[in-house]
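> Here the protein sequences line up with chains U and D, keeping their order. When we follow this note's numbering, the leftmost residue of the first sequence carries the number 1, and every step to the right adds one. When we follow this note's numbering, the leftmost residue of the second sequence carries the number 163, and every step to the right adds one.
It is possible that some hints are incorrect.
Here are the computed lysine-lysine pairs in the DSS-like style, where the Cα-Cα straight-line distance is at most 27 Å [what the hints assert, rightly or not]: (1) K45(U) - K413(D); (2) K413(D) - K109(U); (3) K218(D) - K59(U); (4) K367(D) - K109(U); (5) K57(U) - K291(D); (6) K57(U) - K413(D); (7) K367(D) - K121(U); (8) K282(D) - K97(U).
Here are a few chain U residues that face chain D, going by a calculated C-beta distance under 10 Å [as the list claims (entries may be wrong)]: (9) G41; (10) Y120; (11) P151.
Chain D is nowhere near these chain U residues, computed Cβ spacing over 12 Å in every case [said to hold, decoys possible]: (12) L14; (13) Y137; (14) H146.
The set of hints was computed from the structure by calculation and includes no laboratory data. Keep in mind it's a predicted model, so treat the numbers as computed, not measured. Just so it is clear, CB atoms sit at the ideal spot from N, CA and C, and this is done for glycine as well.
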Amino acid sequence: MKNHVWRPLLIVLLVVCGILTARTLVVPDDFGIYERGYMYGWHRKSNEAEWKAVRVKYKTARVCAGCHKDKHDELIKSAHSGINCENCHGPNYDHPKDPLGMDIDRSRKLCIRCHAHLPYKGTLRGSIPGIDPEQHYPSAECVLCHIPHNPKAMNQKREVKS
Amino acid sequence: MMNRREFCKKTMIVAGGLVLPLAAFEVFNPKRLMAEKNNNDDKGNVRWAFLVDIHKCVGCGFCVKACKVENEVPYDANATRTWVERYVVTKDGQTTIDSPRGARDGFTTQQIDQAHHGVKVINPETVAKAFFVPKLCNQCDNPACVQVCPVGATYQTGDGIVLVDRSWCIGCGYCVMGCPYGVRFFHPVYHVAEKCNFCYHRISKGMKSACVDACPFGARRIGNIRDPDDPVTRIITTEQVNVLKEEFGTKPQVFYLGLSREVK
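Please build the complete structure, drawing on both the sequences and the hints.
Here it is as structure tokens:
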């Protein structure tokens, strides 16, 4: 065949070879199809391990109870038994090594997540003891009067003192 | 010179060659075929599924807070992997929906945030029903978001979790558009697609997802749908559960108890 056929063919061949070489360099070795098949399975296998290695921040109340058994036992007998320690005390990380102390959220904003009354009948929210945050001692923190580990409707701290 | 017979013969050969799909030339690897067959026979013994009980949700937003911290989604960015929606249906049949900041700080007023339309206050007397609906990734059996990924950066693991490979994602946003549930967004720090993965780092260690642990009312639960003795599986198989947008055919694996028809 003539030169004018071979020359472009050669260029095409070189481009194809170039792409194939680049592909082997760029695409990781563990890139493949795996469990979910051709449609949903294409991925880099080692990425699964990367996701599994994300640091766990919330260690759950079970871990807290290991050292703070008294507080834990007090809480589980109260109406707040369903609330995880870390919801108010902040994520555990590697406490007590890191952080040394916990950053406790004692703010009003935290309590009114549930206790701002919303008149929605038929939901659990409607039946939770609730207040109107703009009427009920708007400038005071809830924990001044109420004990979160053992809540009751009345002014508890005064009751404790008397 | 080519005669007619020869011309016809050659045409047939060329046409035949074009018709043959490239797949016909693939050399079968018996080992791979066996592996695929075995995979279909026993599909592994774990497939994660989620159960949301709308009756129990009070809209406190502890789940959203825990999710953002656990999964390192910037706390003040208006993006979250899970969120809670409030539906208020009035007696005249109108539905108002809001989810301020994904309900990160819970629902604390009766004012309904309508974004650029301002704030709407509904007279409690006119409310027919109101409820809270937590939303998260449905880890669909037919994930549309995975199918549209042009580079194989998002995929489904054997136990049914759809993950995103951050180092491989090119940020084209096809998956964000492809998800019928709107659970995907761009991560404000990594600038790649981001989504709920049921806290894959927790469930693969035998823990529960952060939102499940944070929920004080047991409105969120996670379980293995391939284990018939799993309490979550038992509820899904024996009680009246529903899924979101079934008509899309994505086979979502987040099941809802008490789902009302207003929920989109």
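> Evaluate each hint against the coordinates.
Hints and how they fare:
no.	hint	in the structure
1	K45(U) - K413(D)	holds, 24 Å
2	K413(D) - K109(U)	violated, 38 Å
3	K218(D) - K59(U)	holds, 24 Å
4	K367(D) - K109(U)	violated, 33 Å
5	K57(U) - K291(D)	violated, 37 Å
6	K57(U) - K413(D)	violated, 31 Å
7	K367(D) - K121(U)	violated, 39 Å
8	K282(D) - K97(U)	violated, 47 Å
9	G41	holds, 6 Å
10	Y120	holds, 4 Å
11	P151	violated, 12 Å
12	L14	holds, 22 Å
13	Y137	holds, 15 Å
14	H146	holds, 16 Å
When each numbered hint is compared with the structure, violations occur for hints 2, 4, 5, 6, 7, 8 and 11.
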